[in-house]
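> With the first letter of the sequence shown counted as 1, position 431 gets the number 431 in my numbering; the numbers rise by one all the way through.
I should point out that these hints are in silico values taken from the structure, not numbers from a laboratory.
Predicted model, so just to flag it, every value in this text is computed and none were measured.
Honestly, I wouldn't trust all of these hints.
To be verified - DSS-like mimics (lysine-lysine), calculated; alpha carbons at most 25 Å apart, straight line:
1) Lys311 / Lys442
2) Lys309 / Lys442
3) Lys17 / Lys309
4) Lys17 / Lys311
5) Lys351 / Lys17
Stated by the list, open to error - Okay, the calculated beta carbon distance ranges per label pair:
6) Ser16 / Gln217: 22 to 32 Å
7) Tyr5 / Thr417: 40 to 50 Å
8) Arg87 / Ser354: 34 to 44 Å
9) Phe190 / Ile113: 25 to 35 Å
10) Arg87 / Leu203: 32 to 42 Å
11) Arg315 / Arg214: 30 to 40 Å
Just so it is clear, CB atoms sit at the ideal spot from N, CA and C, and this is done for glycine as well.
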Amino acid sequence: MKKSYEIDMCEGPIFSKVLIFTVPLILSSILQLLFNAADVIVVGRYDGQQSLAAVGSTSSLTNLLISFFMGLSVGANVLVARYIGARNDREVSDTVHTAIAISLAGGVLIGLIGILFAYPLLNLMDTPADVIDKSALYMRVYFVGMPVILLYNFGSAILRAIGDTRRPLYYLAIAGVLNVCMNLLFVIVFHMGVAGVALATVLSQCLSAYLVIRCLQKSEGSYKLYLSRIHINFGKLLKIAHIGLPAGLQGSLFSISNVLIQSSVNSFGSIAMAGNTASSNAEGFIYVSMNAVHHTSTVFVSQNLGGMKWKRIDRVVVECFLLAAGIGIFLGCLATFFGESILGLYSEDAKVISFGILRLTIIALTYFLCGTMDVMVGAMRGLGYAVLPMIVSLTGACLFRVIWIFTVFRADHSLQTLYYSYPISWGLTTLVHVICFVIVRKRLRAKLSM
Numbered sequence: 001m002k003k004s005y006e007i008d009m010c011e012g013p014i015f016s017k018v019l020i021f022t023v024p025l026i027l028s029s030i031l032q033l034l035f036n037a038a039d040v041i042v043v044g045r046y047d048g049q050q051s052l053a054a055v056g057s058t059s060s061l062t063n064l065l066i067s068f069f070m071g072l073s074v075g076a077n078v079l080v081a082r083y084i085g086a087r088n089d090r091e092v093s094d095t096v097h098t099a100i101a102i103s104l105a106g107g108v109l110i111g112l113i114g115i116l117f118a119y120p121l122l123n124l125m126d127t128p129a130d131v132i133d134k135s136a137l138y139m140r141v142y143f144v145g146m147p148v149i150l151l152y153n154f155g156s157a158i159l160r161a162i163g164d165t166r167r168p169l170y171y172l173a174i175a176g177v178l179n180v181c182m183n184l185l186f187v188i189v190f191h192m193g194v195a196g197v198a199l200a201t202v203l204s205q206c207l208s209a210y211l212v213i214r215c216l217q218k219s220e221g222s223y224k225l226y227l228s229r230i231h232i233n234f235g236k237l238l239k240i241a242h243i244g245l246p247a248g249l250q251g252s253l254f255s256i257s258n259v260l261i262q263s264s265v266n267s268f269g270s271i272a273m274a275g276n277t278a279s280s281n282a283e284g285f286i287y288v289s290m291n292a293v294h295h296t297s298t299v300f301v302s303q304n305l306g307g308m309k310w311k312r313i314d315r316v317v318v319e320c321f322l323l324a325a326g327i328g329i330f331l332g333c334l335a336t337f338f339g340e341s342i343l344g345l346y347s348e349d350a351k352v353i354s355f356g357i358l359r360l361t362i363i364a365l366t367y368f369l370c371g372t373m374d375v376m377v378g379a380m381r382g383l384g385y386a387v388l389p390m391i392v393s394l395t396g397a398c399l400f401r402v403i404w405i406f407t408v409f410r411a412d413h414s415l416q417t418l419y420y421s422y423p424i425s426w427g428l429t430t431l432v433h434v435i436c437f438v439i440v441r442k443r444l445r446a447k448l449s450m
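Just need the whole structure built from these sequences, with the hints factored in.
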């Protein structure tokens, strides 16, 4: 008998279970994004546009540094889900303890890199002189909390693998309230500026990490966590890396293209940077809502692969594709219609808002293409193919944007031209991913049926 928090993805109706899984994941992702949104809104309104630009300018660099280990969390998620679908309890347990060990080791390593190299890395991005000191301070405080940030993400990836997206939502809701309260306290009362919002984020992440680890410890299933058993099983590490390394490399190289784009935005000055920060932060709510469906497709496909349910795999992919597109179109139109009001939450400066509207109009209306692209990537990872979607995504999106920056953008040095690189790359890459999935699924079924 399934426990109330678990979902049997291999039997019964699909779409209702997809929604049960996805909705809490969307809400969890939004709450996690609110950590950064609270930082941006508080510093923008109470500490000035330089602090707003400082916090925003670190996001692409931060993502670049942590993408590798976030990719490994994807590998752990896929592997646990596959063993759950195959009803292999021993393999589930070994994978869980290895995943937690990886998160702790990775958190310490990335934390040290972020603290030691924050200033030189920001210099490489041509961060303006009036912003760089605050950007470096924010990064260094934030990266002190990297072990607990990765611990939460790996722990929640394990819970997602068994169909549990509700408890991570509850934990983030508690941590989110704490984050907002501490933001206001540290910035308005103690006048700590960017250091205050970074510290608030770290402390709230400590709480969410504690809650998710405590949940795994008190579980009764095969995914129960025993602190004394935390170690790296090298066999499981290799399997996690087989899926996670390409995902992490893809995320890192995507982040490089985003770093180049951020550097290009930086060339237009701190006001343009602030507008870009506000808009990209608002767009993040659309992205994480669609990206939740990407995680859904990965876990559902992986569990059904473990159970050899090929027809269910096809239905999962189609329904997740349509769901991501629908969410993207609806939220994109909503964000564009209420653009000025939304951006006004981040800054009262009319010039900042106008720069934000420029980006929002181009990106938000076409963001659904990114959602469908990610669903196809998730589906192929669920099938155990990680290198192919990495190559397609890096060529169709990352490499395309880099070429765009050094050719089209150089010929027409405007923010509009820079932002057009996003929807064009998403559309082309989605088309190629669909073709690749059809070929991969056919070959894999033939191979496993032999």
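> If a hint holds in the structure, say so; if it doesn't, say that too.
Structure-based check of all given hints:
Taking the CA atoms of Lys311 and Lys442, the gap is near 12 Å; set against the 25 Å cutoff, the hint holds. Restraint check: the Cα-Cα separation between Lys309 and Lys442 comes to about 13 Å, which is no more than 25 Å; the hinted pair holds. Our distance criterion of 25 Å between C-alpha atoms is met by Lys17 and Lys309, whose separation comes to about 16 Å. A hinted pair counts as satisfied when its Cα atoms are at most 25 Å apart, and Lys17 with Lys311 qualifies at roughly 16 Å.
For the hint linking Lys351 to Lys17, the alpha-carbon distance of about 45 Å lies beyond 25 Å, and the restraint is violated. Checked against the hint of 22 to 32 Å, the pair Ser16 and Gln217 passes, with Cβ atoms roughly 31 Å apart. Taking the beta carbon of each, Tyr5 and Thr417 are about 48 Å apart, inside 40 to 50 Å as hinted. Checked against the given bound of 34 to 44 Å, the beta carbons of Arg87 and Ser354, roughly 57 Å apart, lie outside it.
Against the hinted window of 25 to 35 Å, the Cβ-Cβ separation of Phe190 and Ile113 comes to about 28 Å, which satisfies the hint. About 40 Å separates the C-beta atoms of Arg87 and Leu203, a value consistent with the hinted range of 32 to 42 Å. Restraint check, Arg315 to Arg214: a C-beta distance of roughly 36 Å satisfies the suggested window 30 to 40 Å.
In summary, the structure is inconsistent with hints 5, 8 from the numbered list given earlier, while agreeing with the others.
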